[in-house]
Every structure is written in C-alpha cells, then in structure tokens.
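Protein chains in written order, with the numbering used here: chain A, 1 to 290; chain B, 291 to 615; chain C, 616 to 861.
Simulated from the structure, these hints should not be mistaken for lab results. Treat the hints with care, as some may be off.
[What the hints assert, rightly or not] Some chain C residues close to chain B (C-beta under 8 Å, calculated; not the full set):
{"id": "1", "residue": "673"}
{"id": "2", "residue": "761"}
{"id": "3", "residue": "762"}
{"id": "4", "residue": "765"}
{"id": "5", "residue": "767"}
{"id": "6", "residue": "768"}
{"id": "7", "residue": "769"}
{"id": "8", "residue": "805"}
{"id": "9", "residue": "850"}
A virtual CB, placed ideally from N, CA and C, is assigned to each residue, including glycine.
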Amino acid sequence: MVVGLSAAERRYLTDGIAQGLRNDGRGLYDFRAFSVELAIIPQANGSARVRLGATDVITSVKAELGRPQASRPSQGRVEINIECSSTAAPQFEGRGGEDLSLELSRALYRSLLCNNGTGPAIDLSALTVIEGKLCWNLFIDGLVLSSDGNLLDVLAIAVKAALSNTGIPKVEVTSAAAAEQEADFEISDNPDDFSGFDVSHVPVIITLTKVGRTYIVDATEEEESQMSSAISIAVNSAGHVCGITKRGGAGLDPSVLLDMISVAKEVSKSLLSTVDAEIMAAESRGDDQM
Amino acid sequence: MEDVSSRGLHFQLSDSQRNRLRKSRELLREAPGNYHPSAFVNIADPIHVENEATVLKGHGTQVLDGQLLATLSGVVERVDQLVTVKPLRCRYNAETGDVVVGRITEVGTKRWKVDINFRQDVHLMLSAVNLPGGIQRRRTVIDELNMRSLFEENDLISAEVQSVHSDGSVHLHTRSLKYGKLTNGQLVKVPPYLVKRLKQHFHNLKSCAVDMIIGCNGYIWICAAVDSLPSNPEIEKITGDSGAPEMDSCNESISLKVRENICRLANSIRVLSALGFLIYPDTIIDTFDASISKGVAIKDMLGAEFLVMIAEREASRRTKNNYML
Amino acid sequence: MALEFISPEGLRLDGRRPAEIRQLRANLGVIDKADGSATFEMGNTKVIAAVYGPHEVQNRSQQLLDQALVKCEYSMANFSTGDRRRKQKGDRRSVEISLVIRQSMEAAIMTHLLPRTQIDIFVHVLQADGGTRSACINAASLALADAGIPMRDIVASCASGYLNNTPLLDLNYLEDSGGGPDVTIALLPKLDKITLLQMDAKLPLEMFEKVFELGNKGCVAIANYMRNVLLENTKDLAFARGVVKV
Numbered sequence: 001m002v003v004g005l006s007a008a009e010r011r012y013l014t015d016g017i018a019q020g021l022r023n024d025g026r027g028l029y030d031f032r033a034f035s036v037e038l039a040i041i042p043q044a045n046g047s048a049r050v051r052l053g054a055t056d057v058i059t060s061v062k063a064e065l066g067r068p069q070a071s072r073p074s075q076g077r078v079e080i081n082i083e084c085s086s087t088a089a090p091q092f093e094g095r096g097g098e099d100l101s102l103e104l105s106r107a108l109y110r111s112l113l114c115n116n117g118t119g120p121a122i123d124l125s126a127l128t129v130i131e132g133k134l135c136w137n138l139f140i141d142g143l144v145l146s147s148d149g150n151l152l153d154v155l156a157i158a159v160k161a162a163l164s165n166t167g168i169p170k171v172e173v174t175s176a177a178a179a180e181q182e183a184d185f186e187i188s189d190n191p192d193d194f195s196g197f198d199v200s201h202v203p204v205i206i207t208l209t210k211v212g213r214t215y216i217v218d219a220t221e222e223e224e225s226q227m228s229s230a231i232s233i234a235v236n237s238a239g240h241v242c243g244i245t246k247r248g249g250a251g252l253d254p255s256v257l258l259d260m261i262s263v264a265k266e267v268s269k270s271l272l273s274t275v276d277a278e279i280m281a282a283e284s285r286g287d288d289q290m
Numbered sequence: 291m292e293d294v295s296s297r298g299l300h301f302q303l304s305d306s307q308r309n310r311l312r313k314s315r316e317l318l319r320e321a322p323g324n325y326h327p328s329a330f331v332n333i334a335d336p337i338h339v340e341n342e343a344t345v346l347k348g349h350g351t352q353v354l355d356g357q358l359l360a361t362l363s364g365v366v367e368r369v370d371q372l373v374t375v376k377p378l379r380c381r382y383n384a385e386t387g388d389v390v391v392g393r394i395t396e397v398g399t400k401r402w403k404v405d406i407n408f409r410q411d412v413h414l415m416l417s418a419v420n421l422p423g424g425i426q427r428r429r430t431v432i433d434e435l436n437m438r439s440l441f442e443e444n445d446l447i448s449a450e451v452q453s454v455h456s457d458g459s460v461h462l463h464t465r466s467l468k469y470g471k472l473t474n475g476q477l478v479k480v481p482p483y484l485v486k487r488l489k490q491h492f493h494n495l496k497s498c499a500v501d502m503i504i505g506c507n508g509y510i511w512i513c514a515a516v517d518s519l520p521s522n523p524e525i526e527k528i529t530g531d532s533g534a535p536e537m538d539s540c541n542e543s544i545s546l547k548v549r550e551n552i553c554r555l556a557n558s559i560r561v562l563s564a565l566g567f568l569i570y571p572d573t574i575i576d577t578f579d580a581s582i583s584k585g586v587a588i589k590d591m592l593g594a595e596f597l598v599m600i601a602e603r604e605a606s607r608r609t610k611n612n613y614m615l
Numbered sequence: 616m617a618l619e620f621i622s623p624e625g626l627r628l629d630g631r632r633p634a635e636i637r638q639l640r641a642n643l644g645v646i647d648k649a650d651g652s653a654t655f656e657m658g659n660t661k662v663i664a665a666v667y668g669p670h671e672v673q674n675r676s677q678q679l680l681d682q683a684l685v686k687c688e689y690s691m692a693n694f695s696t697g698d699r700r701r702k703q704k705g706d707r708r709s710v711e712i713s714l715v716i717r718q719s720m721e722a723a724i725m726t727h728l729l730p731r732t733q734i735d736i737f738v739h740v741l742q743a744d745g746g747t748r749s750a751c752i753n754a755a756s757l758a759l760a761d762a763g764i765p766m767r768d769i770v771a772s773c774a775s776g777y778l779n780n781t782p783l784l785d786l787n788y789l790e791d792s793g794g795g796p797d798v799t800i801a802l803l804p805k806l807d808k809i810t811l812l813q814m815d816a817k818l819p820l821e822m823f824e825k826v827f828e829l830g831n832k833g834c835v836a837i838a839n840y841m842r843n844v845l846l847e848n849t850k851d852l853a854f855a856r857g858v859v860k861v
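Input sequences plus hints: build the corresponding full structure.
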C-alpha cells in the first residue's frame, strides 16, 4: 500500500527511529495493544477477531472430513488462505489485493506448517480418524478488514486464537471396514463431545522492519513505507525458530540477520505470554456470556 | 460481544475500567447546557419550522411535498432564518478563511492539487503562492517549469481557503509568511467535527519548544518550534523555496526532549480524538499536563488506563462548570 | 419427503412465527480508516460495509460532471457459507449483487449535490444464512449515513417467501433452499418508494401480493431499527463532543 509522505516527514520518522522514539511514543521493540475476540463466526469450528491499532482481521477454522494423502496416511491436511477485503482500502477492489493476499498466505503457511504441512505447529496426526482412509482437513481462512501495518504478525495471532477456539466433533466409526471399502461413521452433534486443540506449539510471528540502520517491531503502515527490508520470524514457546520470510529489496548483512533473529526470539517471549493471556481472557468472557 | 471502546484505539478494558468509562459517558450525557433532544434528526425526519416558505434551506435539508426534511443524521442548527443539519462525522466542509493543512497530490499546469480531506482535491494556483525572494512579480514560464522546486507531490503545506466556488471547487492560497511547506514534525489526523474554528490556528507552545497548526480540516501538524532548532538563525520560515540543501538544514536533528514533547502532544490529540472530545489548545495542553503529572509514559498514553482517566477528567469538568465550549 | 417448514403449532424451523424477522444487530464506525462503516446482522447472517468518500475520482475518464460516481463491490468471505468454498472475486453472482446494491443506494444518495466526486461502497459477507442481499443493503445504508453522505431516505431491505402455503418473512438459508419463491425488496420507508424488487421461482399473483406486503412490513420494521441505531450513534457523538458555541 502506498502511503505518501513528504521528504520532511520521512526524515522525521527515520530520525526518530534512529533515536529510539517512534511517532506514537513507542520504543523499538514495543507492540501496540491489541484485543482478541473468539467465536466471532459461530458457523465455523473455530474463529477469532484481532484488532491492533487500525489493523482488523478475522480468521476462521473449518474442519471437513476427507481422505488423507497417500504419502501421509496418518495425518490430516491443513490449508491456509488469506484474503484482503476491499473494505480495508479502495486499492484492494477487484484484483488489487491479490498479490498481498497471496504473499500473506504463503508466509503464514511457511511459518506455521512448512514442509508440505508436516511442521510442528499443529499436530496433524491428531486429525486422523481412520488411518489411511479418513481424516480431518482443516481450512484456515483469514480476512483482512482493515490494515495499519504488520498484517503478518496480527494474522498469526488470529490463527492461534482461532485454533484455540476450534472444536473438532467426535467421530464414531460404526462399522469396521475392510481395506478397500468406505467406512461408515457418525459425527457427534453433542458440543460436549468436541475435542479442542493444543495450541501451545503454535508459534507467533515477529516481523522486524529495518528502517535505516535500526530495526523495529510492529511497524505501522507509515513506518513500513520507509523500510529497506523486513524479516518475519516465527518463534514458538520453546524458543525454536519455525520459519523465516524476508521482504524488501535491500540486502542484509548475515551478522545483522543473526542479530535480528535473536531480537525476535527475545520479543517473542513477551508476545507469546500476552497472546496467551488475551486468549484466556477472551475465553472467560465468552464463558461468562453463556 | 464487541468491546469497541473508542474509534482508533482497540484493547480490552478490565471490568472496572469499562464501568468507569460508562459512568463518564453518562455524566457527559447529563451535563448541563447540553443538546436538547429535539435537536437530533435522522435522515428523512421532518424539521420543525414555523413557515416553510420563508426559511432558508441550508446544507442537510430537502423539501418534499412542502415539508422540510433532513438528508443527514445529525444536529439541527438554526441561525436567524437559516436552518441546516450538521452531521457529525463527515468529510471536511471548506469555508473561506479557514486555515488548513494539506498534502500535494498533483503538480499541474500553473497549479497544484491538494488533498485536505474535502470531497475533492482542491486547487492551489501558482499565482496564489509567495515566490522565493518575496517580491511580487508576474509568473514566468520559468516559474511554471520550476513548480516542483516550490512544492512537490506528497509535500505537506499550511494554507488558507481563499474561495469556495458555486460549482464546488475550492481554491487555497499561501500568501502570507506563516503559510508554506511544513517540516520537522509529524501529522495527526482527526475527524473535522472535533476541531473548533478559532481566531488562531497557529500555536506556539514555548514551554515545550513546539509549534502546532490545528487545521480546520482535521489535519494537525506538530513540529519543533523554529527558534528551538540548532540551525542557522537567519533561516526564517520561508514559503516554499526548497531543494535538497534547504531541506537538510531545515531538518536539523531535533533534540530528544523536543521529540518527546511532540510525541506526547500527538498522543494527547489521539486520545481526545478516540474519545470524541473537542480538540483545541486548552484540551490538548490539559491532557498533555495530565500525562506528565500522573507520570504516564508516552507509549502508555494510548493504553486503557489513561483513556479512562481522561474521560473521567472531562466528565467532571463539564458537569462542574456547566461548561459550554 | 418434503421438509416441514411450519410446524402444526405455526412455528418455523428456528422457532419464529411466519411474520417475524430474525434478531437484528448493527454497529457503526467499525473500520477506522473508512469514512463510514457498519456491520449488520440478521440472525446468523453477518455482513460488514465500508464507505470511502466522497473523494476525488480515481479515473478521470469516469468522472461525472453533474453528479457523484457511485461504485460498489460485493464479496463473500471463504468462511461465510456452511460448506467452505473458495469464493472467486468477480464471479457472476457477485457482480450481479454489486450492481443491485449500487442501484438501490444510488436511488437514495443525493448524487447531484456531489458532482465530480466518487463514492466507494464495499460490502463483505462474513456469515451467510439467507438474506445476504438485504443485509448488505442495510449495512451499506448505515455506512453511508455514518459517512455523512446526504440521502433522500434510508434504504431498508428484507426478503420474504412462501412455503407450506404460508407467506414467510426474512428467510434463513434452509427456508431459502426450500424450493419456494424468494422475494427481495428494498424500500425508502418515509418516501414509500421501492428501489429494488427481485423474485425467484413461481408464485400466483394473489399470493404475490400477500408476500409482497409482508416484505414491505419487514422493511419498515428494519428501517425503524436502523433509525434507532443512527439516532443513538448521533447522540453518543454529540454528547461526547459537547455543544460548541458558535
């Protein structure tokens, strides 16, 4: 997205960052406050809405039964798809938002799943119903309603929240089937029979945006317009790096790269605890309303 | 359930914070000297007038079957025989004499086009700016070709609305030394209905070494005061004349202290805007002082606690003084 | 085996009476960057609308010298329907509904007051359970009012149908797929003028009148709800700001 800034504003912004004070008073590694809402799409198996600054995204998880891949008979499949709504900016009208949508989808897929879906974030073997025959396929969809920078990080938070909200119904296999035949099964309607997801391994993504010689976390749209390059690093609660994406034309010195990764790991600790706290608070709010 | 506490800032409030905010909003509703319920109208609601034929129908009204109806959801204003409906949230409505802050969107033949949050981009004619050197002279072809050396695309300028034409087009001018290109600061955008039209729109806050321009169009410019910059004292605020060397010297490094003041003021404005309170120097400085006296870090000014605190301050002020702004 | 849409006690599948609309919920100002925005819910159908404008026309060749250019785009989120499917933007149904919404709003917007400008209306369906067309029109109406764009009247829309020999108001997805007719109406309530009328399937003329009247009543009820939402919003903003002495 093009944000027009005058030369004077650009200079002011970059000088501020170099001095450690951003336009809204944040330090280099401060995240903006955000709010999480769960079960925003009741028809889905799980959903969440995350608002951070003016960025607003909705994610949903839908589970459908299907056949597992022949090469991976004991695992379910996960697909991630992000769409940028035109409500976010008139530039997204028609096919305007396609490039960005695709970029976000691929980056999320890489960070959360990787290796054709065998990544550690989601336990895919938990999605198996009958090995080789029946498994759950998860479709994770994200919709960007409004954007003020840092879409990838916010989407990752929203995916984690939606997964924590996801309930997979219990499947009763009613007839043991021979190797070639289809199995008969019944899907439970009882909400108490729904099994949840363990999201403790789902990573968060920290995007470090390089402006001049300094890198900042959680860049606004204005700040992103001045970046030379950006690295998005997915880190999970064990401190493992799950995926890295680099954007932007400028090259990065390898030592700078390593430093950025270690900064991301540091920041991820506090972000993970904030995200977990927000999700828990959202869950208890939801329970209160029952 | 949505917890949209305010426009522009999103976070979850704790239960006690939510209650405090709700209480403040209730106090504001009941504050004395407030709107009469009959002042609010919806689209296609009838507006009560004594004689429909003699009344002047201003913006936001339409006549249907001899009845005066509203075309907007807002507040009815009556000045003598003129009846208008003022919507609250809407694009800026330009009026002659308004001081505005705008962004150049296009450099055209003998004129620039400027975005001032109006329903169209407005015009700034080459003949309406002060040429470098300050002398009045005819604009030559060289001037036309050199327009970009005055203002380029995306530059921010302060200007005054010179005229509003019947076909809806608006012309600006910068024919005064106080208007021109803006440097050394940041822009904050607020909804225009929160900006009060005052005699002065240029404010110098000496104690903070900061200048502020509150544009009637909701664009507010906050920058380091010219005399606080450690640069050549001969450089005064010139309208236009720029080029790379000029730019750099005008943008000398601003000290961290001044930068913090600019940030704090910007955040004060953002909080007021999120709460929907009127924005003018008194409220801005009051919020600024409150943040310092309560020891609130600049980044925490955009957090839940400070937001609720400012709401409570405003509520108590309005109920106490029968505060009519 | 035909599904019983009305029980012997006269209750529909979700427990409503034939002439009852689903629960309505609306919020204004949900997208900070837009000039106006709103969400609108009718039962489980949820849509969000954003309005950008009036602003400078992006494509000079499309500029209209005597009125505003109104553009509208309708999309459905991938997760909006029960069976998740990749929604192609720009497929025929979306284009048709975009056109329908634009025409309904154009009838209400006083475009001649805003010559040489452009108004963009974007609607996105978050959850679809029947009546998405109507919900979108209602959301767009509120978003336009939130943006302070002058209108002759609010546009309110509702769908009605005919199943098991009974006229039904505000069909949900199951009732919509029940094979009966589906009549969508958009109304300017104060002016009492129809800006949209669409119907699928067959219906004898006498029945059509009853279904049409029912739809009309639904639109009026929805319009009243929308007026309340707008009034409350105006009051909130006005009381927060306070009275400005001129």
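Each hint tested on the structure:
no. : hint : result
1   : 673  : violated, 11 Å
2   : 761  : holds, 6 Å
3   : 762  : holds, 7 Å
4   : 765  : holds, 4 Å
5   : 767  : holds, 7 Å
6   : 768  : holds, 4 Å
7   : 769  : holds, 5 Å
8   : 805  : holds, 4 Å
9   : 850  : holds, 6 Å
When the structure is compared with the earlier hints, a violation turns up for hint 1 alone.
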